[in-house]
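Engineer: Listed below, chain by chain, are the residues.
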Amino acid sequence: MLKLEGLKKSFGGVAATRDVTLDFADGSLTAVIGPNGAGKTTLFNLITGRFPIDSGRILLGGENIAGLSRREIVRRGIGRAFQVASLFPTLTVREALAAAAQAHQRRETAMLVGFPTAAAMKHADEVMELLGLTRVAGILSRNLSHGDQKLLDIGLALALEPKVLLLDEPTAGMGPEERWRMIETVQRLWRARGMTLIFIEHDMDIVFKVAQTVRVLSYGAVLAEGTPEEVRRNPQVIEAYLGKSAHGAAEGAAA
Amino acid sequence: MTGRWRDLALAGAGLVILLLVPLFGAPPAIRDFIMFGMAYGLLAMSLNLLIGYSGLVSFGHAMFFASGAYAFGLAMQSGKFSIPAAFALAIVFTAVLALIVGAICVRLNEIYFAFLTLAFQMLFYNVILGWVSFTGGDQGLMGGIPRPKFLGIDLADRTQLYVFCSVAFIICIAILRQLVTSPFGYTLRLIRDNQERAAFLGVNVPLVKLTCFVISACVAGVGGILLTLFVSGAYPNFGFWTTSGEAIFMILLGGSNVFLGPLVGTVILRLLNDITVTYTSHTELVLGIVILILVLGLRKGPLDLIAERLENRRQAAAQAVRDAADAGAADTRKGGS
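Going down the list, the sequences are from chains H and L. Heads up: the first sequence is residues 1 to 255, going by this note's numbering. Heads up: the second sequence is residues 1 to 337, going by this note's numbering.
Next comes chain H alone, as it looks inside the complex (with noise of 0.2 Å):
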């Protein structure tokens, strides 16, 4: 579905993204892991046209989408959550998925009509009760809690009925049980719409238990990538990623 092909970014000199071939099957559900700065957000940056890439090619479903702009690549079906959720504070969580869906009905520059129309409000109404916003439906994106600032940024992508959904920490500032929660909600989600979703993660539990596949990333390169057993086992991982201690590792310890 999505392959990456030997992808390069430089900032100012400093290399944050170097070579990295990367293939993400249709309908897979991916973890991607290394330690901080390995260039996994600047990953999905390039990914979605956020910075466009020095070389390289990004082909979804076979198109190179390489240099397309952010709105482009967006309606190919590329959707993104963010590390730290993204949101429309003055809208309630029900008029920021509308207008998201509204949106990916390319109905949102529509003027004679009322807000939100029914086709769009109907789609709000899938992704909240998927995602069990529902409950919130009407509170301002501002007013949310954390977890469910998380949530609605997901949603926000989901209303876009992405072919790959990219996650970025989906977990992050979460306590360990919200953390759970959320991520058998990303879990399911995978499961009801069947798309490839890729994830930053880390905490290695998570990884470990969920992902089909594990990519690791270290100082912008790809360190190793396989099966969550594979890559547990791979000493430059250990050594890497988790720290020399391989026992540490097995127990699955955080970074």
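Treat the hints as calculated values from the structure; they're not laboratory data. This list has only true hints and no planted wrong ones.
Among the chain L residues that face chain H by a calculated CB cut under 10 Å, a handful are:
(1) G3
(2) Q178
(3) P183
(4) V203
(5) V205
(6) L207
(7) V208
(8) A317
(9) Q319
(10) A324
All C-beta atoms in this analysis are idealised placements derived from N, C-alpha and C, irrespective of residue type, glycine included.
Go by the hints and put chain L onto chain H.
Structural biologist: This is chain L only, laid out in the frame that chain H set:
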């Protein structure tokens, strides 16, 4: 849908009230006050489409007020156009002007947008001042604006002019209302709140901003046309930066988060202006003090304050719904384990 019928009914009621004023033999001073209020009200309301709904703080909005006024006045003085044709021509001219200025400005952020719009306004103002043979320079369009009859309507008659302006005013307000309650209006709010994220939802941010800028300019242009019809002339100060500043004051005085806030602000500012001019020679001083009190004391327009109270109540209700749902979910979890 019910909201739209209610809005239409309110627009109709507003028109009826406006039209009843001359019937009841209101003194000319009141009618004049309303006419000025409608012209400046359109300026402030259209500016709030940019400031309040889209987060585009323009300091140069009066340019389009003046462009509507001058284009209409010049077209009428040429003697080649009927009033409807000149009206349409003035709007088209304003739209083209806004398209050019907007295309250059809308990609800039906040302070740069504000200053560039201000700069374009000063440029426009100086063209009006400098091109004496065409615009009359600092004397304005002299010699009156001819108002030939069209379709049996005679705008030289004060009452008919009043009715014409009232209808045009209500139509513009209805258009603005439709706009802010449409999908497009909510896309504007997306951009105001978080344009980066709006782009990631597939919104063409610059294009939406430009569209909003042009529509807003056209409504301001209609305000200028109404003023030109009313005072039978056009003057450079229509497009001076202080006129833009007044429009911003009107928004501050009323409130930017309530649809009719700027209109209320227009009434307040014009009342303050008329009263202070009558009783003192320190108009600016009094205005300045009132605005200081509002900004420092309330920190927002009076209508915004009321709207915020209502919103807080709605939010408390919505949060109660959530808390009840969460408590229910917690009980189920406990019961299950």
